[in-house]
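Novice: Each chain is listed here by its residues.
There are 2 protein chains.
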Amino acid sequence: MRYSQYLLPTLKEVPADAEVISHQLMLRAGMIRKVAAGIYNYMPLGLRSIRKMEQIIREEMNRAGAVECLMPMANPAELWQESGRWEKYGKELLRFKDRKDADFCMGPTHEEVVTDIVRNTVRSYRQLPLNLYQIQTKFRDEIRPRFGLMRGREFIMKDAYSFDLDDAGADISYQKMYQAYRNIFQRCGLRFRAVEADSGAIGGSFSHEFMVLAESGEDAIVSCDSCEYAANVEKAEVLWTEQEAVAPEQELQLVETPQQKTIQEVAAFLDLPAARLVKTLILQTSAEEVVAVLLRGDRELNTIKLANLLDVDWVLPAEEEVVRHVTGAPIGFAGPIGLDARLIADNEVRTMSGYVVGGNAVDRHYVGVCHPRDLVIDQFADLRRAEQGDPCPRCKNGRFESWRGIEVGHVFKLGTKYSETMAATVLDDQGQSRSLVMGCYGIGVGRTVAAAIEQNHDEHGLKLPLPLAPFQVLVVMLNPKDAQVRQASEDIYAQLLEAGVEVLLDDRDERPGIKFKDADLVGIPLRITVGARGLQDGTVELKIRTSGEQSALPLAEIVPALCQRIAAADET
Amino acid sequence: MRYSQYLLPTLKEVPADAEVISHQLMLRAGMIRKVAAGIYNYMPLGLRSIRKMEQIIREEMNRAGAVECLMPMANPAELWQESGRWEKYGKELLRFKDRKDADFCMGPTHEEVVTDIVRNTVRSYRQLPLNLYQIQTKFRDEIRPRFGLMRGREFIMKDAYSFDLDDAGADISYQKMYQAYRNIFQRCGLRFRAVEADSGAIGGSFSHEFMVLAESGEDAIVSCDSCEYAANVEKAEVLWTEQEAVAPEQELQLVETPQQKTIQEVAAFLDLPAARLVKTLILQTSAEEVVAVLLRGDRELNTIKLANLLDVDWVLPAEEEVVRHVTGAPIGFAGPIGLDARLIADNEVRTMSGYVVGGNAVDRHYVGVCHPRDLVIDQFADLRRAEQGDPCPRCKNGRFESWRGIEVGHVFKLGTKYSETMAATVLDDQGQSRSLVMGCYGIGVGRTVAAAIEQNHDEHGLKLPLPLAPFQVLVVMLNPKDAQVRQASEDIYAQLLEAGVEVLLDDRDERPGIKFKDADLVGIPLRITVGARGLQDGTVELKIRTSGEQSALPLAEIVPALCQRIAAADET
Chain Z
220 MRYSQYLLPT LKEVPADAEV ISHQLMLRAG MIRKVAAGIY NYMPLGLRSI
270 RKMEQIIREE MNRAGAVECL MPMANPAELW QESGRWEKYG KELLRFKDRK
320 DADFCMGPTH EEVVTDIVRN TVRSYRQLPL NLYQIQTKFR DEIRPRFGLM
370 RGREFIMKDA YSFDLDDAGA DISYQKMYQA YRNIFQRCGL RFRAVEADSG
420 AIGGSFSHEF MVLAESGEDA IVSCDSCEYA ANVEKAEVLW TEQEAVAPEQ
470 ELQLVETPQQ KTIQEVAAFL DLPAARLVKT LILQTSAEEV VAVLLRGDRE
520 LNTIKLANLL DVDWVLPAEE EVVRHVTGAP IGFAGPIGLD ARLIADNEVR
570 TMSGYVVGGN AVDRHYVGVC HPRDLVIDQF ADLRRAEQGD PCPRCKNGRF
620 ESWRGIEVGH VFKLGTKYSE TMAATVLDDQ GQSRSLVMGC YGIGVGRTVA
670 AAIEQNHDEH GLKLPLPLAP FQVLVVMLNP KDAQVRQASE DIYAQLLEAG
720 VEVLLDDRDE RPGIKFKDAD LVGIPLRITV GARGLQDGTV ELKIRTSGEQ
770 SALPLAEIVP ALCQRIAAAD ET
Chain W
220 MRYSQYLLPT LKEVPADAEV ISHQLMLRAG MIRKVAAGIY NYMPLGLRSI
270 RKMEQIIREE MNRAGAVECL MPMANPAELW QESGRWEKYG KELLRFKDRK
320 DADFCMGPTH EEVVTDIVRN TVRSYRQLPL NLYQIQTKFR DEIRPRFGLM
370 RGREFIMKDA YSFDLDDAGA DISYQKMYQA YRNIFQRCGL RFRAVEADSG
420 AIGGSFSHEF MVLAESGEDA IVSCDSCEYA ANVEKAEVLW TEQEAVAPEQ
470 ELQLVETPQQ KTIQEVAAFL DLPAARLVKT LILQTSAEEV VAVLLRGDRE
520 LNTIKLANLL DVDWVLPAEE EVVRHVTGAP IGFAGPIGLD ARLIADNEVR
570 TMSGYVVGGN AVDRHYVGVC HPRDLVIDQF ADLRRAEQGD PCPRCKNGRF
620 ESWRGIEVGH VFKLGTKYSE TMAATVLDDQ GQSRSLVMGC YGIGVGRTVA
670 AAIEQNHDEH GLKLPLPLAP FQVLVVMLNP KDAQVRQASE DIYAQLLEAG
720 VEVLLDDRDE RPGIKFKDAD LVGIPLRITV GARGLQDGTV ELKIRTSGEQ
770 SALPLAEIVP ALCQRIAAAD ET
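Residue numbers (the numbering used here), protein chains in the order written: chain Z, 220 to 791; chain W, 220 to 791.
Just so you know, these hints were derived from the structure itself, not from any lab. Mixed in with the good hints there might be a few duds.
As the list claims (entries may be wrong) - Computed from the model, here is a short list of chain W residues facing chain Z with C-beta under 7 Å:
id	residue
1	M262
2	P291
3	A293
Please read all numbers here as calculations on a predicted model, not as lab measurements. In this text, a Cβ means the ideal position worked out from N, Cα and C, and glycines have one as well.
Let's have the full structure, built from the sequences with the hints guiding it.
Specialist: Below, the structure is given as structure tokens:
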């Protein structure tokens, strides 16, 4: 492609309303343009990266035995009423009426439609397993669309749905998708983790999120430095091994701690590490119970673990009035001794002894606290957020590293939720009717490209890995008016095209400074600069965008050298 | 792909609500499934044909210098208000509101969005010409969606928009697209005509429709048997060469024609060919004028030619009351003699003499009519529909053949309609601001596949040409339980996959009769049957779906033979 005949409108300035770097760079590099909030044009350059991502996905899905189809964007209300989601789904489900006043929605996901396909076409266990996928444009009417393609309203997604006769089959389908996803993100050249995710309100027995690692990521995750275990901190288990309780050595004492409210303040005042304190959190649950949770002073509560333990929808900090009622003191002085609430402690508290707790009175703390001597704890459980350095609960050898990640894919065992409500059954080998066991598997296509940019950029622009870069090679023709420069550039361009290389030729009549700035911004991985000075020595310059490495190569060697690099990248 | 792991739900029965053959066959061959009126799932087999069509389009568009992008389905009302189409577009434009009550529509076409892209990114004539295209899902809320993919509501379309500095440039862009479209439909292996189309109310100086020829086509077209001229009969010119008028030989006579109303009846009654009659049509125009049109008795009026001549939006047969007023008689007896209306005659009437016309009275006709002796004709013009056998108005050598066609593509010179209303301008080489001259170019992707089926099928099923067939080769494994048959089939399958051939292996445990019926229905062009009997002689059977040709080939020769056939087809 010739730059002069292409539409690649780069921007010098950072657009005002773009908050995150991928959004800024995709706008500046002419990859996307906004049409409305959360709705974008994929400009030619951006579409190329999108299509490459799609093709990697397609190849790996096919290799895993999934079958491609395409379902419509406009979904009739009937199917969503049947599943019950017409009512339950919030305003993200954009509902509309056609000219005959029939109700439709824009498909934000396609469980209903795909379940309808399968119940109408699959009758026997012999047609299973079946995994149908599509790469399709979806619409979710986000209340606050932002971050460009990261959280758009209209977006391209790969969604797949597996159908099996039983749980064992569904688990195999799940594992295939898990492996396909690993292959996909590996082939994209991205650093990522497959993390165990909390499956939240949707239910289902297991679920992994695929996270592209990037400092700007919304999600906090931990991964083991020695095995494959990785999890969202909301889900990550904390290893606790049975240990003998430490015998009490200190006496219980109520001490004055004037104007010391936070853990840090109290610890400093008493000249103790925060780990010697135990904090008492007073919480309310969706079941209208009040519970007190004990946690080592330097730890954070994982409210999802607590909610799961209590089998409630949510837990929240108790209101001031409730705290006063339970503790007899204002917020900030809660302690477990003499407290009028169920007492649940994190496992870590089990073996603690001689610790500090709140005194249930203003400016008072107990020191030298021991259980069960001074208080009775009703229940111990894994309640804290995992942290960097925690031992791995899976291999028990490694330790947690912590990362920020951007969720780009999700694999999910759905079970029979949809097949039961929508009566999607098959006959098994005994002639018995059985509900299909489903799984669902999504990848945000544009989101992955955006996440790849979050992970791979510098202050000058994109540094996309070769498999996702819109072009593999950029040939910069310095001074197109120089006949020799023009000829050499055109020759290289023609040879690269001939070799099947994706190449952009910057044949614009622009100053070198502008060409180099645009080159860095757009960040095509391999850049060849053809200039009069180099040609005098019979050389052109090769610059590797990711490493910054630069070298002069003889004219005759440049095309083979590029082809070799590209072939080598394909193999890894 | 293995049939046993694929989703290919064929149907024995013709679905009740499918009127046209392509719709019936696409349902029966498991290519599509209905979700709602005019909204379909593309099932795996159907999607393969769609994707092949898309890829042919993409390659030819790229070759012609067009640049691919992707615009959104949800279009903000503002852009459509700016062009004026928010108000003007009928109910086919599906309008909806988002959760914040902002107005949107589902894009039925993308002139507004693409013009917005270009006015924001193109500043100088040096960035021109530019042709942006997309392959995208569109929505038009048809009042009567029907015929499957032929007239759906949600459908896949390739739309392209060219931008040039001036008319001369726009004409070159148009020609490039015209040629690209010829290449596309040729590569699809379809019989088609590029016909000059009436550009209707949209304006624009030229326009061609690409018609796939099929008996079931909605459009009547004529094409020259000797040159490339082809046109919709609504548009086709009728050649008229100046000839000397025939001198009157007969006297004017008013005769009784009791109960003879139609041209056929009167001609038979008078024992004359219909070509000796001249019919008088009384018409009303959108400008509220009443005109009378004279046409040879065996010809049809082309109302579009008449409307263009009169420069009105439409002409319609006059209501009974008007006819009575103008002719003094009921409908069916109108004649030009003594008529109170403007008289316009088709060119063909110029040299007629001694003809028959209505008598403006019940059961009366004039015979021996001559002009200008008996009546004064205000104007002569080309007003009749072209017919088979008419001489070609372009080359003047050939004669018209007539066809039925299905419109699958349209190229259209738009001019400055959108660039002027939306202020899409560039600076020319003099620094002057100029409105961009646009063209637009559409291909219905699913519609083309459906039209290909209308053109290529028999009573047993599809006969799609190789470039559009979902698979190139079908290997039918007769009796999978026979170890030798299974082994030979698997070997052929593996070798074909290795050779890059698109192959479906029918490895189902089904009776041969079912497998052959499905094979004919799905109509994969090259079919290999592997059976125990053939294997005894070391042969398998090759059947060509289109020709029906069958032959036994030695096992060792089958894969090379297939590869050769496919390669040969690729070259044509």
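Novice: The hint names A293(W) as touching chain Z; please verify it with the least Cβ-Cβ distance against 7 Å.
Specialist: The hint holds - A293(W) has a Cβ within 7 Å of chain Z, the shortest such distance being about 5 Å.
Novice: Is the shortest C-beta separation between P291(W) and chain Z less than 7 Å?
Specialist: Interface hint status for P291(W): holds (5 Å vs cutoff 7 Å).
Novice: Is the hint on M262(W) kept, meaning its closest Cβ partner in chain Z is under 7 Å away?
Specialist: M262(W) check passes; min Cβ-Cβ to chain Z is 6 Å, inside 7 Å.
The structure meets every hint from the earlier list without exception.
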